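Start counting at 1 in the sequence shown, then tack on 470, and there's your number in the working numbering.
Just to be clear, a hint being listed does not mean it is correct.
What follows is a set of in silico ranges between Cβ atoms, one per label pair, in the way DEER data are often shown [unchecked claim]:
| id | residue 1 | residue 2 | range |
| --- | --- | --- | --- |
| 1 | 511 | 537 | 18 to 24 Å |
| 2 | 520 | 557 | 23 to 29 Å |
| 3 | 508 | 549 | 26 to 32 Å |
| 4 | 503 | 535 | 22 to 28 Å |
| 5 | 531 | 507 | 35 to 41 Å |
| 6 | 539 | 519 | 17 to 23 Å |
| 7 | 520 | 500 | 21 to 27 Å |
No lab work stands behind these hints, which were simulated from the structure alone. Quick caveat: nothing in here was measured; it's all calculated off a predicted structure. Quick reminder that beta carbons are idealized off the backbone N, C-alpha and C, glycines included.
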Amino acid sequence: MSQSTTIRMSEFDVEGTEPLSRTIYGAVAEAKGVDPLDLAPLAQVIDCDSLDKFVAQSSDNVTFSIQFEYAGCRVTITETEISIDPKEDS
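Please model the complete structure; the sequences and the hints are all you need to start from.
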């Protein structure tokens with residue numbers, strides 16, 4: 471059964487070794503209850519390099535919201551969290 475997954479940006483190390491796009495990939499797989507290898511490439515719906523650079527270069531006083539659909543989920547990224555919400559029909 472799929473469930474909503476939220477990752478607080480404080481839990482995500484912007485300066486760490488794992489890019490945000492990889493974190494999203496894993497969170498979507500977790501929310502859908504599937505193996506990450508069963509998902510289509512995230513790059514089919516969003517430019518992962520641009521997303522990673524945008525978030526890494528955003529300063530603490532910048533407010534933003536990025537939303538897109540991936541693998542039957544609505545992915546919302548703000549300056550404070552990443553939310554993965556599976557659509558009811560997926």
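Where does the structure disagree with the numbered hints, that is, which hint numbers, in rising order? none
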